[in-house]
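Engineer: These are the residues of each chain, in order.
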Amino acid sequence: DTGVSQDPRHKITKRGQNVTFRCDPISEHNRLYWYRQTLGQGPEFLTYFQNEAQLEKSRLLSDRFSAERPKGSFSTLEIQRTEQGDSAMYLCASSATGTGFSGANVLTFGAGSRLTVL
Amino acid sequence: AQSVAQPEDQVNVAEGNPLTVKCTYSVSGNPYLFWYVQYPNRGLQFLLKYITGDNLVKGSYGFEAEFNKSQTSFHLKKPSALVSDSALYFCAVREREEKLTFGTGTRLTIIP
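Chains F and S, in that order, are what the protein sequence lines are.
First residue of the first sequence? That's 1 in our numbering, and the numbers climb one at a time after it.
First residue of the second sequence? That's 1001 in our numbering, and the numbers climb one at a time after it.
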């Protein structure tokens, strides 16, 4: 399977606990994105990396959220002291930069990690 | 800031009829426009994109979209709907910023 993998697919936690999600992008892709999707809404941008550099963070990404991509391959998204409002689907996507090929600028998404905070 | 609007939360179409899912966008420069589809318990799947060139873009599963600069629209179309087309459809735009901005989605239901 050469798609984007996310783990775990589902996470149920109690308020105040920390959770971490992992994303393994398509290996040739240098960009990696995190989005959050709540019921009835479109995906909302959280942050993105080019290789190991985090280039942009949304204001949605509070101080309790941190994302890393230490070697420019997989990425982790950690949420500290979870709140009920953090319950959502967390989507990871990757893309290859450049022009002149059909996949340029196209984000490929993983199946998502669903977080439920009780 | 870049944005997209999908004015219809729900679209119902009889199987075999043509379908249209509407999208309008707002950017200050030239847009890159995308359509994605989401099936239950699955990630978003890319359907098609407009970057430049021909205003009519053809994509996966027989879908196409027409870029209209004067109306700032990028409506998704298919000549003959299938029951398997029932899903949640998202329009997205990218401008100078590197991220995609998504609409709120349109649930398409194809009635047998």
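For the record, the hints were derived by calculation from the structure and aren't laboratory data.
Note that the structure is a prediction, hence the values are computed from the model and not measured.
By construction, the Cβ of each residue, glycine as well, lies at the ideal position given by its N, Cα and C atoms.
Keep in mind that the hints are not guaranteed to be accurate.
Claimed, not checked - Capping the alpha-carbon separation at 25 Å, the derived lysine to any residue pairs in SDA-like fashion look like this:
#1 F:Lys57 to S:Lys1022
#2 S:Lys1058 to F:Gly98
#3 F:Lys11 to F:Arg22
#4 F:Lys57 to F:Glu83
#5 S:Lys1022 to F:Val106
#6 S:Lys1058 to F:Ala96
#7 F:Lys11 to S:His1075
#8 F:Lys57 to S:Lys1058
#9 F:Lys11 to S:Lys1058
As the list claims (entries may be wrong) - To give an idea of the chain F side of the interface with chain S (calculated C-beta under 8 Å), a few residues:
#10 Gly16
#11 Gly72
#12 Leu91
#13 Leu107
#14 Thr108
Engineer: Can you confirm whether the C-alpha distance between F:Lys11 and S:His1075 stays at or below 25 Å?
Structural biologist: Violated, because 36 Å separates the two Cα atoms, which is more than 25 Å.
Engineer: Is the Cα-Cα distance between F:Lys11 and F:Arg22 25 Å or less?
Structural biologist: holds, 12 Å
Engineer: Hold the hint about F:Thr108 up to the distance rule: shortest CB distance to chain S must be less than 8 Å.
Structural biologist: For F:Thr108, the interface hint holds, since the closest Cβ of chain S sits about 7 Å away, which is under 8 Å.
Engineer: Does S:Lys1022 pair with F:Val106 here, judged by a C-alpha cut-off of 25 Å?
Structural biologist: Holds, at about 21 Å.
Engineer: If you draw a straight line from the CA of S:Lys1058 to the CA of F:Ala96, is it 25 Å or shorter?
Structural biologist: Within the cut-off at roughly 21 Å; holds.
Engineer: Once the shortest beta carbon distance from F:Leu91 to chain S is found, is it less than 8 Å?
Structural biologist: This hint holds: F:Leu91 lies near chain S, its Cβ roughly 7 Å from the closest one there, short of 8 Å.
Engineer: Hey, does the F:Gly16 contact hint survive, CB to chain S under 8 Å?
Structural biologist: violated, 28 Å
Engineer: Can we keep the F:Leu107 interface hint, with Cβ of chain S closer than 8 Å?
Structural biologist: holds, 6 Å
Engineer: Do the numbers back the hint for F:Gly72, that is, is its least Cβ distance to chain S under 8 Å?
Structural biologist: violated, 16 Å
Engineer: Within a Cα-Cα threshold of 25 Å, do F:Lys57 and S:Lys1022 meet the stated pairing?
Structural biologist: violated, 29 Å
Engineer: Between F:Lys11 and S:Lys1058, is the straight-line Cα distance small enough, at 25 Å or below?
Structural biologist: violated, 38 Å
Engineer: Hey, F:Lys57 versus S:Lys1058, does the alpha-carbon distance stay inside 25 Å?
Structural biologist: violated, 33 Å
Consistency note: the structure conflicts with the earlier hints numbered 1, 7, 8, 9, 10, 11.
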